[in-house]
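Which chain is which? The protein sequence lines are A and B, in order. Numbered per the working numbering, the first sequence spans residues 1 to 418. Numbered per the working numbering, the second sequence spans residues 1 to 418.
Identical chains share a label here; the pair holds if one copy fits it or two copies do between them.
Below are the BS3-like pairs computed for lysine-lysine, each with C-alpha atoms no more than 25 Å apart in a straight line:
1. K49 x K79
2. K308 x K194
3. K4 x K212
4. K297 x K268
No wet-lab data here; the hints were simulated from the structure.
Protein chains: 2
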Amino acid sequence: MGLKQQLIQIAKTAQNASRRMMNISSSLKNEVIRDMAFGLIENKAKIIKANKKDLAAARCLKQSKAFIDRLTLSDKRIKEMSESLEEVAQLPDPVGGVISVWRRPNGLWIHKVRVPIGVIAIIYESRPNVTSDCVGLCFKSGNSVILRGGSESLNSNLAIYDALSGAIKKHKLPDGIINIIDTPDRKAVDELLKLDDYIDLVMPRGGEGLIKRVASVSRIPVIKHYKGICHVYVDEYADLNMAEEICFNAKVQRPGVCNAMECMLVHKDSAIRFLPHMCKRFKEAGVEIRGCDITQKIVKGIKHATEKDYRTEYLDLILSVKVVESVDEAIEHINSYGSHHSDSIVTENYDSALQFLRQVDSACVYVNASTRFTDGNQFGLGAEIGISTDKLHARGPMALEELTTYKYMVFGNGQVRT
Amino acid sequence: MGLKQQLIQIAKTAQNASRRMMNISSSLKNEVIRDMAFGLIENKAKIIKANKKDLAAARCLKQSKAFIDRLTLSDKRIKEMSESLEEVAQLPDPVGGVISVWRRPNGLWIHKVRVPIGVIAIIYESRPNVTSDCVGLCFKSGNSVILRGGSESLNSNLAIYDALSGAIKKHKLPDGIINIIDTPDRKAVDELLKLDDYIDLVMPRGGEGLIKRVASVSRIPVIKHYKGICHVYVDEYADLNMAEEICFNAKVQRPGVCNAMECMLVHKDSAIRFLPHMCKRFKEAGVEIRGCDITQKIVKGIKHATEKDYRTEYLDLILSVKVVESVDEAIEHINSYGSHHSDSIVTENYDSALQFLRQVDSACVYVNASTRFTDGNQFGLGAEIGISTDKLHARGPMALEELTTYKYMVFGNGQVRT
Chain A
1 MGLKQQLIQI
11 AKTAQNASRR
21 MMNISSSLKN
31 EVIRDMAFGL
41 IENKAKIIKA
51 NKKDLAAARC
61 LKQSKAFIDR
71 LTLSDKRIKE
81 MSESLEEVAQ
91 LPDPVGGVIS
101 VWRRPNGLWI
111 HKVRVPIGVI
121 AIIYESRPNV
131 TSDCVGLCFK
141 SGNSVILRGG
151 SESLNSNLAI
161 YDALSGAIKK
171 HKLPDGIINI
181 IDTPDRKAVD
191 ELLKLDDYID
201 LVMPRGGEGL
211 IKRVASVSRI
221 PVIKHYKGIC
231 HVYVDEYADL
241 NMAEEICFNA
251 KVQRPGVCNA
261 MECMLVHKDS
271 AIRFLPHMCK
281 RFKEAGVEIR
291 GCDITQKIVK
301 GIKHATEKDY
311 RTEYLDLILS
321 VKVVESVDEA
331 IEHINSYGSH
341 HSDSIVTENY
351 DSALQFLRQV
361 DSACVYVNAS
371 TRFTDGNQFG
381 LGAEIGISTD
391 KLHARGPMAL
401 EELTTYKYMV
411 FGNGQVRT
Chain B
1 MGLKQQLIQI
11 AKTAQNASRR
21 MMNISSSLKN
31 EVIRDMAFGL
41 IENKAKIIKA
51 NKKDLAAARC
61 LKQSKAFIDR
71 LTLSDKRIKE
81 MSESLEEVAQ
91 LPDPVGGVIS
101 VWRRPNGLWI
111 HKVRVPIGVI
121 AIIYESRPNV
131 TSDCVGLCFK
141 SGNSVILRGG
151 SESLNSNLAI
161 YDALSGAIKK
171 HKLPDGIINI
181 IDTPDRKAVD
191 ELLKLDDYID
201 LVMPRGGEGL
211 IKRVASVSRI
221 PVIKHYKGIC
231 HVYVDEYADL
241 NMAEEICFNA
251 KVQRPGVCNA
261 MECMLVHKDS
271 AIRFLPHMCK
281 RFKEAGVEIR
291 GCDITQKIVK
301 GIKHATEKDY
311 RTEYLDLILS
321 VKVVESVDEA
331 IEHINSYGSH
341 HSDSIVTENY
351 DSALQFLRQV
361 DSACVYVNAS
371 TRFTDGNQFG
381 LGAEIGISTD
391 KLHARGPMAL
401 EELTTYKYMV
411 FGNGQVRT
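Build the full structure now, drawing on both the sequences and the hints.
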């Protein structure tokens, strides 16, 4: 059987399984997820052995230290993966929830009901923990999942997949609820992305290159979890002490994540009072500052921020700083240079706050809080599969509810249309 | 300026306008829509004159009678278009509605708020009324719209567009809220579908060929309003009188629309009691019946239904009929051959009803009612832009609410992440 036929076979089986998932109770799903969590611990030795193969190959290929770190599985990391599954088991089941219900004058009783999306494909890079995280969330929300991880982590992913599959077999659930593409052939992704008759949604998880490639090739709807070029805007009417705490937190607390601040905007009337002390504190924390002309006049000895800086997700202790004329200019800058992820205004002014909330075209818009809160757990939604920077069908943290769609169930007693 | 540059210019302007739409009040939007409705009446003579040009060209090209009928505008049709706009003005504004709101333990107050999608492109064929319907719904939901109609109706569309634009100018609203691509160059569509930096959503409106082409080329998310191969399944436990009324209504009341029944499934234990009288009534109404082997044994003198029949949207007085062994076989047939639009079961049995509701993977699933109710107005949602057969981001009737997305507005008082 050729590659294309093999993939169609997998996708068809996944679709059939997804339709049978509609009949599985929440308690059974939770039991299976707990068994998956246990399966990871039980198969720890096998997983670590497989991971060592991947690590050896990566070292041979002289992969970067960061790459090797992302790839490495330890006892601790496997325990964390297992605990994440336990947490997913404890979350409420989104499937079957009634979004709204109403009765028509002719007696039709219309229910808009949350149902699984169907078949979800996850295309990811070298983090093996994505394998178990995605299986847990997709299974809990009643979807079949097709995993396609980076070829560099194939042995680790297969070992994790085997450990999770035990729970599916134990409970005699349909084949094809969880699937992994086990060929390293790179053409597999292109072929998979053509199967819009069977796969309902693709989520690429990884760097910009991967996401762009998937989005440009796919015939299946894609939800992108893109970069985060997040801003904090310190308004003319900001409480500058609060602004300093928020900006410091947004940049420094964990710079390598998508909801960290990459660019700080400061109103011209706050700049002289705010920037010197703020930048001193940043420098002490090891943050490299790149500023606009005015910033360079106020804070000596810093680099110039280029157009490219304003479009860069540093994911590092680097920050671009720009002084703006007005809240309008701040909003304009964010909408033009940002990535529609998370942006915050610090202000005590009612009108500035409302204008910012309305006009900034981002998934999460904050007043007087750090952008670092954009996260499923911080929002109280539970574990998330990523932060969508798309507008359709989910925006911001994608937790269990965002892995569902809806259908209309209509109850009649003989109604016909006249 | 080349075609590509022209289109980028239009899309950029549309994006800028969409961001300014956030500040426009519901009452102003409604006033503008009422002025648009009036503009159609005021410019009726111009519109009909432009339509005559299109009709003359269509006759020259020997287009079909159905094509010419769809293209023709009369006093009555323009009045209907105007009335549709009046109705949209009266519907509640979906923008700004709070979907949910909660407070976190740290005091963050999170609002999930309905906002416009941004820029919506509509690619359609020769029905000029689509122009005003789409402008009304997109404008009301706060979106900029880019219209690209069939070249055969270009003169009519431009005249309608001009009549609607008057209202935008009168109220000094931003250029680019409503846009029309006025070149007949077919390359324009392909170029437009690449502009995912500016356009948020594409909706193709028309035949299967158009929809497939747009879906396969577009880099922008597409919501498909696809064919409706709708089923009614007459269960073993059906009230056969009710079943006859529902099936007759679903097939005959208006056969040319997407929510009409194309295939009737009958449980083997109901077939002998049900089919003879039902089919007699269909024949009297001029319905051609194509049946499976068993149907052919029960009802004499009918054609055989082929595999192709089961996959065909007739949009005509033709019906395929199949006798099935069980509710499972009915569900399996619907999921395999249907188009995930609208399907109904007629039954007095609780378990059959629940199984059908859960397992049929369609936008609208009915018990004991005609499929003909799948419609924004019939659901009580108001005017719709189409019936989505996709699962993301909207499913079933797409009314005003489905033309919005959401963002999170988060109110803090200095919260930082620890």
